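A.B. asks: Could you slot chain A onto chain W? The hints should help.
Chain residues, written in single-letter form:
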Amino acid sequence: MNDRWDASAEAGSLPGAQGSVLSGTAAAATGAFARPVVKKRVAAHGTHRKDHPLVRDSLAVIRQDRTCHVVAEDYSYKSEAYYTILSREQAGEAIRPSSRDVLDAFVVPVCLERAKRAGIPVADWGISQAYVPLPAILYGINYFATATDYAVVRDSDQSKDVIKHITNKGKYPFCYQKIDDSATISTCTAVFGKTTENCGEIAGYAEKLYSLFSIPLVNMVFVQNGDSRALSSLAPTRYTRLSPGERAFLAAYRDHQVFL
Amino acid sequence: MSRLGIFVDRKTLSNAEQLTALIHCRDVAEAMGHNAEFLFPVDINKIPKMDALFIRARTDPKNITYVAARMAEFHGIPVIDDANSIQVCGDKINMYSHLIKKNVALPGTVFLQKTDLTVEKVTGLFDKLGAPLILKEPSTSFSQRVEKVSDIAEFFRVARRFSRMSDRIVVQQFVESKYDWRVGVLNGKLLYACKYTIPSVTFKIQASVNGHIVYCGVESMPESAVPPHVVQLGIDAARAIGTGLYGVDIKNNNGDACVIEVNDNPSLESGEDACYPQIYEQIIGHLFAAA
Chain W
1 MNDRWDASAE AGSLPGAQGS VLSGTAAAAT GAFARPVVKK RVAAHGTHRK
51 DHPLVRDSLA VIRQDRTCHV VAEDYSYKSE AYYTILSREQ AGEAIRPSSR
101 DVLDAFVVPV CLERAKRAGI PVADWGISQA YVPLPAILYG INYFATATDY
151 AVVRDSDQSK DVIKHITNKG KYPFCYQKID DSATISTCTA VFGKTTENCG
201 EIAGYAEKLY SLFSIPLVNM VFVQNGDSRA LSSLAPTRYT RLSPGERAFL
251 AAYRDHQVFL
Chain A
1 MSRLGIFVDR KTLSNAEQLT ALIHCRDVAE AMGHNAEFLF PVDINKIPKM
51 DALFIRARTD PKNITYVAAR MAEFHGIPVI DDANSIQVCG DKINMYSHLI
101 KKNVALPGTV FLQKTDLTVE KVTGLFDKLG APLILKEPST SFSQRVEKVS
151 DIAEFFRVAR RFSRMSDRIV VQQFVESKYD WRVGVLNGKL LYACKYTIPS
201 VTFKIQASVN GHIVYCGVES MPESAVPPHV VQLGIDAARA IGTGLYGVDI
251 KNNNGDACVI EVNDNPSLES GEDACYPQIY EQIIGHLFAA A
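As they're listed, the protein sequences go chains W and A.
To convert, note that position 247 of the first sequence is 247 in the numbering used here; the numbers rise steadily by one, no gaps.
To convert, note that position 148 of the second sequence is 148 in the numbering used here; the numbers rise steadily by one, no gaps.
The shape of chain W in the complex, shown without the other chains (with noise of 0.2 Å):
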């Protein structure tokens, strides 16, 4: 068992990476996919494993068994995360959350559809270019956006400016989510599927959505319809917006108190 915590990326693990000049044929052949561990930043601020800051876009590599958990504040699409998830998919490692996972769960409607087929409740969407049934929550589908913006859509004029702003003045489609007049819409931050802050029922929908895409750290958006209750989205998290409570139980599992 080996397990790591360190500010810096994975630098270098994916081939070419650290300035080195490679060729389809020599890359494979030189092992390129399996660089040593760059530790600038825990070096430059001088920090201890056990006493991790979670600075801001900063990542972990925890070790268990024979799987890798990253850690990491966002997971996005090109991000330094998912190219870390990449480059050790690509080595064999068996590693978590999968660039798979990541990509469906912030795609919303990718997102619902595991989610409802895991038996999880979620809310009902559809997808439309400029008309939208009201009320609503509005999430953009396209290069330039991401779960955590999405907007609550209460009469026509609000939501002509929201449609206009997330679909680019209707180059892209979006997805909505009618929900009733008094709905209210609940958020929870899941720490590998669980939850410290009072968080009530959507706790309970922690570990399973934990289960299914294995996302260290993400923040649960779900919408309360009378005592119902059904997922909206997933969306990535800022360490500065951890409670104190959450940023506990992330060292726990950084320093192997809890088992994974």
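Some hints could be false.
To be verified - If you want a taste of the chain W side facing chain A, the calculated C-beta under 8 Å gives, among others: (1) 78; (2) 113; (3) 128; (4) 142.
The hints are simulated quantities; they were obtained by calculation from the structure and are not laboratory data.
Predicted, not measured: the structure shown is a model, and the values here were computed from it.
C-beta atoms are modelled at their ideal positions from N, C-alpha and C, and glycine is treated no differently.
C.D. replies: Below, chain A without anything else, positioned relative to chain W:
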């Protein structure tokens, strides 16, 4: 009677050539005894009712085509392009990594992180790969965000701009040529081949020059006119990605062929199929064979 969904968007249909090609595709499907219908993003919930799905819109892992591909896969419906192909081909870091792993010949290729953007490292790149260099933002398509740089200052100017869109960027050796081979591959077999003639005013197959879009010339070529090692390289590159439909761009200078990129959702509307009139029959046949 089987149902073929052809997934399109507004932009696909705004181009007369693409529209003509799509209507041809639909006619071929119907002549083969299938029902074919165009599906727009708002029709995404109709995908489970289809027997096969053919995506003909610009693909990206974050746009609606990825949703369409995943919806098809969730319901066990054969789809071109599949989500894996969209994911791999949509990101040049991922795509080149697949090619490198399978020992497919490439120009000298380096991936840079933001922390690699130092004068020392960039100087080293020019020393090793020569000048000029090609910089690519990983999610480039249609030659957008592909730029040629001749010195360090230019390198930093372009690299910093690309780094705002991606945590890693691609640096490649420049390979000059008057044309690229485009080898179309379906399920690991040659589907078509053509030449893309590079406009004299640019080094890309498509570029904006003085505010005007300049397109490459397209010349469909029979298999017998394509060097066998180019065909084989195209097939090897496509197989390194998957079993779907790909367009592989190859430069072949003095018999020293190398892959420039592998495209999912390759263009079929610009005359690529002139020597291969059975393209759509083969694609549709492949989709329904898997159904």
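A.B. asks: Could you run down the list of hints and mark each one as holding or not?
C.D. replies: The hints, checked one at a time:
At about 4 Å, the closest approach between the beta carbon of residue 78(W) and any beta carbon in chain A falls short of 8 Å, and the interface hint on this residue holds. The beta carbon of residue 113(W) is positioned within 8 Å of a beta carbon in chain A (closest approach about 6 Å), and the interface hint is therefore held. Checking residue 128(W) against chain A by beta carbon gives a least distance of about 6 Å; that is within 8 Å, so the hint holds. For residue 142(W), the interface hint holds, since its Cβ comes within 8 Å of a Cβ in chain A; the closest pair sits about 5 Å apart.
Checked against the numbered hints above, the structure breaks none of them.
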